[in-house]
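Visitor: Sequence:
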Amino acid sequence: QIGIKRISLPEINIKDIIAKMRENRRVEAAKITSQGERDVTAITKQGEVDAQKIISQGIEDATKITQQADNEAMTITARVHELEPEFYEFWKTMSTIRKTIGARTTLVLKHDNNVFRPLFEMPKWTKTTTATQENIQAVENLLRQETEKTDVPAGNWPPAVAPASAETPAPAETPAPAETPAPAETSAPAIPAPAIPAPAAPAPGGGIQTILGS
Numbered sequence: 014q015i016g017i018k019r020i021s022l023p024e025i026n027i028k029d030i031i032a033k034m035r036e037n038r039r040v041e042a043a044k045i046t047s048q049g050e051r052d053v054t055a056i057t058k059q060g061e062v063d064a065q066k067i068i069s070q071g072i073e074d075a076t077k078i079t080q081q082a083d084n085e086a087m088t089i090t091a092r093v094h095e096l097e098p099e100f101y102e103f104w105k106t107m108s109t110i111r112k113t114i115g116a117r118t119t120l121v122l123k124h125d126n127n128v129f130r131p132l133f134e135m136p137k138w139t140k141t142t143t144a145t146q147e148n149i150q151a152v153e154n155l156l157r158q159e160t161e162k163t164d165v166p167a168g169n170w171p172p173a174v175a176p177a178s179a180e181t182p183a184p185a186e187t188p189a190p191a192e193t194p195a196p197a198e199t200s201a202p203a204i205p206a207p208a209i210p211a212p213a214a215p216a217p218g219g220g221i222q223t224i225l226g227s
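Numbering (our numbering), first residue to last: 14 to 227.
The reader is advised that the hints may include incorrect statements.
[As the list claims (entries may be wrong)] Simulated pairs of lysine to any residue, SDA-like, Cα-Cα distance not exceeding 20 Å: (1) Lys-105 x Met-87; (2) Lys-66 x Ile-56; (3) Lys-105 x Thr-88; (4) Lys-33 x Gly-49; (5) Lys-66 x Ala-55; (6) Lys-77 x Ile-89; (7) Lys-28 x Gly-16; (8) Lys-66 x Ile-78.
Treat the hints as calculated values from the structure; they're not laboratory data.
Just so we're clear, the structure is a prediction, and the values are computed from it rather than from any experiment.
Make the full structure from the sequences, and use the hints.
Guide: In C-alpha cells, the structure reads:
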C-alpha cells in the first residue's frame with residue numbers, strides 16, 4: 014500500500030499563493046465597495062426626487078385648503094354681518110383680547126382707545142327681541158366654525174347640563190369623634206397669704222399715709 018501523509022511545498026510557492034489570494038480578495042472587496050457607493054448615490058437621488066414631489070404636492074394641497082378656508086371664512090363673515098353685525102363686532106373684539114393679552118402682558122394705549130370698551134359697557138344686542146336672540150345663537154355657531162382653537166367640538170356646544178335629579182349626592186358627613194373628657198383638676202394646697210397690717214387710723218388734722226405690705 015502507498016499512502017500520502019504530507020505534501021511539502023517550497024516556501025516561495027506558499028508566499029506567492031497567499032499573495033494571489035489577497036489580491037483576489039482585494040479586487041472583490043473593491044467591486045463590492047464600488048457597487049455599494051453606486052447604490053447609495055442612486056437611492057439618495059431617488060429620495061431627493063420623491064421628497065421634492067411630496068413637498069410640491071403638500072404645498073399644492075395646503076394652498077387649496079387655505080383658499081377653501083378663506084372662502085368659507087368670507088361666507089361666514091358675510092352671513093354673520095347679515096344676521097347680527099353688532100354681536101359679530103363684540104365677538105371679534107373679545108377674541109382678539111383673549112388671543113393677544115396673556116400673563117405679564119404690557120400694552121401702551123391712548124387714553125381714548127376702545128379696545129377694552131366691551132368689557133365695561135353693556136352691548137346693545139343684549140336687550141333685543143327673541144328673534145334676534147335666535148340670530149345670535151346662529152352667529153355663535155357660525156363663529157365657532159371659524160375659530161381654529163376651540164375647547165370642545167362645535168357639535169357638542171354648549172355642553173349638556175345634567176338634570177337636577179342626576180346630581181351626585183354629597184358625601185355623608187363623618188361624625189366627629191367624641192371629645193375625650195379632660196382630667197379632673199387637682200386642687201393645689203392652700204398657701205396662707207402674708208399678713209398685711211391694717212391701715213392705721215388717720216392722724217387728726219388730715220394728711221396722706223403710705224401703706225407698705227410685707
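Visitor: Is it true that the CA of Lys-28 sits at most 20 Å from the CA of Gly-16?
Guide: Violated, because 27 Å separates the two Cα atoms, which is more than 20 Å.
Visitor: Can the restraint linking Lys-33 and Gly-49 be considered satisfied, given a maximum Cα separation of 20 Å?
Guide: 24 Å, violated
Visitor: For a C-alpha distance cap of 20 Å, please report whether Lys-66 and Ile-78 respect it.
Guide: Between Lys-66 and Ile-78 the Cα gap is close to 18 Å, so the pair holds against 20 Å.
Visitor: Are the Cα positions of Lys-66 and Ala-55 separated by 20 Å at most?
Guide: Holds, at roughly 17 Å.
Visitor: Taking only the CA atoms, is the gap from Lys-105 to Thr-88 under or equal to 20 Å?
Guide: Judged against 20 Å, a Cα distance of about 16 Å means the pair holds.
Visitor: Are the Cα atoms of Lys-77 and Ile-89 separated by 20 Å or less?
Guide: 18 Å, holds
Visitor: Quick one, are Lys-66 and Ile-56 close enough, alpha carbons at most 20 Å?
Guide: 15 Å, holds
Visitor: Compare the distance between the alpha carbons of Lys-105 and Met-87 with 20 Å, and conclude whether the hinted pair is satisfied.
Guide: 14 Å, holds
Hint check: violations occur at hints 4, 7; the rest are consistent with the structure.
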